[in-house]
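Q: So the chains spell out like this:
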Amino acid sequence: MGATMMGARVKRLEDPRLLRGQASFVDDLRLPGVLHAAILRSSHAHARIRKIDLSAVRAAPGVVDTFCLTDVWQSPPTIPVLVGVPSLVPCPQHPLAGEVVRYVGEPLAVVVALDRALAEDALDVAEVDYDPLPGLGDAEQALAAGSKLLHDTAPGNVAARWTQGFGDVKAAFKEADHVVHERLRMQRYSGVPLETRGILASPDSVSGELTIWASGQWPHTARGLTAAALGMDERRVRCILPDVGGGFGVKCDLYPEDILIPLAATRLNRPVKWIEDRREHFLSCVHAREMTFDLELAFKSDGTILGMRGQIISDQGAYVRTLGMVNASLAITGLPGPYNIKSFSAEVVCALTNKSPTSTYRGAGAPEGTYARERLLDIAGHQIGIDPAELRLKNLLRPEALPYSAKLVAVEGPINYDSGDFPAALRQALKKANYTEFRKAQSQARSEGRLRGVGMCVYVQQAGLGPFESAEVRVDEDGNVNVVSGAAPQGQGTGTMLAQIVADQLEVPLERVSVSFGDTARIPFGVGTYGSRTVVMAGSAALGAAQRVREKAIQVAAHLFEAGPGDVEWKDGVARIVGVPGKGYTLAELAEAASPGKNRPPGMEPGLDARYYFEKNQSPFSYGVHVAEVEVERETGDVKVRRYVVVNDCGRMINPMIVEGQIAGGIAQGAGGALLEELVYDEQGQLLTASLFDYQLPTSLDLPSIEISHLVSPSDLNPLGVKGVGEGGAIGAHAAVTNAVADAIAHTGARVCQTPLRPAVVWKLMNEKSVQA
Amino acid sequence: MDIEREVTLTVNGTSYTRVVSVRKLLCEFLRDDLDLTGTHVGCEHGVCGSCTILVDGHTARSCLMMAVQADGSEITTVEGLAKDGRLHPIQEAFWEEHGLQCGFCASGLLLTVHEFLSDRRDPSEQSIREALAGNICRCTGYQNIVKAVAKADRIWER
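Protein chains in written order, with numbering that gives the first Met the number 0: chain U, 0 to 772; chain P, 0 to 157.
Here chain U stands alone, though its shape is the one from the complex (with noise of 0.2 angstroms):
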């Protein structure tokens, strides 16, 4: 059989339960006498608070417990920040406000009752008295001399502040011939995850044990911090990630809640169950993207980037969460992006606000940066008369260049391009599109009154975040092969992949592979998913793991055949002696030879098992190229997406499927990005859009089919050559569809410095000429 199953279009082991309807996502388990938590939430974006009364709550049909911050706690612990950059003044949130609220969804306070209903109701009766105080709903606002501080750790309402760069900016901009400048926003939006938040918490009165089933993404730190925030040994809880409806980066933060409902069910030494609803979760789950970026880029007369600079302001919203600062840092570590930029200098700028707090959303900043550089570069063409595939062509970074230091480190390690081609892939991806007979076409559509565009993107992703990964890997005694990895999937199909790798390791039919994920009593270790590093680290976890089973099953049947290791064959799943077709021992044989007080190698541990870690603190970096055609409808300003060009390289893949999958996703996050989806808050910070009726998510009308082609150039970073693959969509298609948009309009003098798109906006933009960012 040989290696048969990596690079296989495999259908996914996960599905069936899925179709079926059987699959436990949290609300769907059972357990008996579990209670219903709902929060009670600031109304206010900024508010002293006088006074919370639960009384009449804890008064309420079918109540059963009730508590505020000073009912649990003196001294609050904090939301944890868990990466750091030297500049961040403390500006933590804790689980329940105390004094002040900033922002409109901050949770004030728990009601458990008996159903969810009741606890709704009861929510209705909580009395808070409000001293309200000026909100601030936009960074720059909040940056401006005079405003009302939110933290008064934070002067100025900044967070944070720092400056990153190499080379010499200054020079480079006085040499140059041609400078362009532009402010670009980006606005704030979000994963919007099908599945909602949820959490259910089990205390076991005999074991002593808390039991957390969390709609998440990283189970094993989800344990820590809990039982860090609730003063409980690590040991006395456990976290079980069940089946997650998309996470997409924003599931990765500890959340309020997480204390809060654990809390409620060792209070009341019963399950309690919160599932969050839509409203809560676009009040309360994590935002991202909000940017503004003065950027600028000086060129050579020629087309050459001689360097970069600008300032980003990012709009942190009104507190800095486990990850809230991986977005600032990733975006301005990511603006030189693939190219052969020589210098560089940027300065970040997190600003707070009375909006709800930022965390990582797919591509976490990445799209951000990859945005801003990519929509100067278009502006950039334009302003110097060179067409933007030929100005991007001069200054991507040649192959023999690579691996190449970008010179930057992001909060996450230092950003190296490990492997690649970036002009070739341009190359191919401006072929598969057609360009220049797209350009041609263009000119005559718009001869005819019709606006089309095409817009690219050339982006680089950080794919494979360490530091590890763990595997687990156990033949049982009937031959099944079990895999326990520490990865935690959102839907990604890490089930499947982590099953090709293993199956071609021991040489057994997909089908007898099992894989279970996001359970720290199943595996010690584990970091989760999140990053687009899954198939790097926990492939490479479950790659090892599976050769130390194959070495060990062969020490065994040298044990049994009388002979030596080196005299043992693996073949198809069978041990044989090398060169001797007869008698073999099969995985299940091995299996119970292994087990303990059989008939195993002396000194050998018991077990056909083993457990790997794969260590790596350097990521590889995936990349790739998105070509989109889109038209726009003069009269009404519609933007529809005609085409969609992608040209990936993430290495060796082991699903192209599933990688095809994972890019056509990202790509209508990022398309939803740039034409419908906004997070708008009014001037006192009161969120505009918290249904899905105001909150625009892309359906199947707003995309075209994407064509999607690749480019294998393996990573050495890890033992498969694999880079990730999941954010690349959305980090890509931003800036692609924004580029398209500002293409076929360009001719009306329209500056595209912001996003959505929306037809209100496009229509504006062709009328006014310009609209402010």
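No lab work stands behind these hints: they were computed from the structure.
Every value quoted in this text rests on a predicted model; they were computed, and no experiment measured them.
Ideal Cβ positions, reconstructed from N, Cα and C, are used throughout, including at glycine.
Careful: at least some of the hints might be erroneous.
[Stated by the list, open to error] Residues from chain U shown here face chain P by an in silico Cβ test under 7 angstroms; the list is partial:
(1) Thr303
(2) Gly490
(3) Ala667
(4) Ile705
[Stated by the list, open to error] Pairs of lysine-lysine residues, derived as DSSO-like cross-links and limited to a Cα-Cα distance of at most 27 angstroms, are as follows:
(5) U:Lys147 / U:Lys50
(6) P:Lys82 / P:Lys150
(7) U:Lys299 / U:Lys173
(8) U:Lys597 / U:Lys570
(9) U:Lys341 / U:Lys169
(10) U:Lys10 / P:Lys150
(11) U:Lys341 / U:Lys299
(12) U:Lys439 / U:Lys639
(13) P:Lys146 / U:Lys10
(14) U:Lys431 / P:Lys146
(15) U:Lys597 / U:Lys582
(16) U:Lys639 / U:Lys430
(17) P:Lys146 / P:Lys82
(18) U:Lys430 / U:Lys393
(19) U:Lys406 / U:Lys393
(20) U:Lys639 / P:Lys146
(21) U:Lys299 / U:Lys169
(22) U:Lys430 / P:Lys82
(23) U:Lys10 / P:Lys82
(24) P:Lys82 / U:Lys639
(25) U:Lys393 / U:Lys431
Chain P: place on chain U using the hints.
A: Quick look at chain P alone, frame taken from chain U:
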């Protein structure tokens, strides 16, 4: 006061009589009273389409119906699609074409597609996309769902 009523309805071929609160949503009734948790609730305001079921053969959002409104009706949920342990051809097609990732939206989509394909053949891509437009999927970008519907059209003998 919590007012209750008795309802009798057929779900996936089985008749149930239950006493329910008049304010209970049909999706809650299916999930909590009948333990049919395959119907997923994504927004509770009728936009995302995850909770789509068939009521008397037509798609309905079970988050926009009260349980008492379903009295006397015949309901199909995702659990009723596979017969004798075999996946329905629409389910097979979704599996073949990688038409789902997290699977949360899949239940509603399968029933939307069931209604769409039950009385037509050989639909165009545009008409498939129009039929799917009331069901949000956040993972796939829809294109594999569109392919799955085309495939289901070919393999579903009806």
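Q: Decide, hint by hint, whether the structure agrees.
A: Verification of the supplied hints:
1. Thr303: With a closest approach of 36 angstroms, the Thr303 of chain U hint is violated.
2. Gly490: holds (3 angstroms)
3. Ala667: holds (4 angstroms)
4. Ile705: Nearest chain P Cβ about 6 angstroms off; hint holds.
5. U:Lys147 / U:Lys50: holds (22 angstroms)
6. P:Lys82 / P:Lys150: holds (19 angstroms)
7. U:Lys299 / U:Lys173: holds (11 angstroms)
8. U:Lys597 / U:Lys570: Holds, at about 24 angstroms.
9. U:Lys341 / U:Lys169: holds (12 angstroms)
10. U:Lys10 / P:Lys150: holds (15 angstroms)
11. U:Lys341 / U:Lys299: Given that 27 angstroms is the threshold and the Cα spacing comes to 12 angstroms, the pair holds.
12. U:Lys439 / U:Lys639: holds (20 angstroms)
13. P:Lys146 / U:Lys10: Given that 27 angstroms is the threshold and the Cα spacing comes to 15 angstroms, the pair holds.
14. U:Lys431 / P:Lys146: holds (21 angstroms)
15. U:Lys597 / U:Lys582: With a Cα-Cα distance of about 20 angstroms, the restraint between Lys597 of chain U and Lys582 of chain U holds, given a limit of 27 angstroms.
16. U:Lys639 / U:Lys430: Holds, at roughly 22 angstroms.
17. P:Lys146 / P:Lys82: At roughly 23 angstroms apart (the allowed maximum being 27 angstroms), Lys82 of chain P and Lys146 of chain P satisfy the hint.
18. U:Lys430 / U:Lys393: Measuring from Cα to Cα gives roughly 17 angstroms; hence the hint holds.
19. U:Lys406 / U:Lys393: Judged against 27 angstroms, a Cα distance of about 21 angstroms means the pair holds.
20. U:Lys639 / P:Lys146: holds (20 angstroms)
21. U:Lys299 / U:Lys169: holds (14 angstroms)
22. U:Lys430 / P:Lys82: This hinted pair is violated, its Cα atoms lying about 48 angstroms apart.
23. U:Lys10 / P:Lys82: The given pair, whose Cα atoms are some 21 angstroms apart, holds under the 27 angstroms limit.
24. P:Lys82 / U:Lys639: Given that 27 angstroms is the threshold and the Cα spacing comes to 40 angstroms, the pair is violated.
25. U:Lys393 / U:Lys431: Measuring from Cα to Cα gives roughly 20 angstroms; hence the hint holds.
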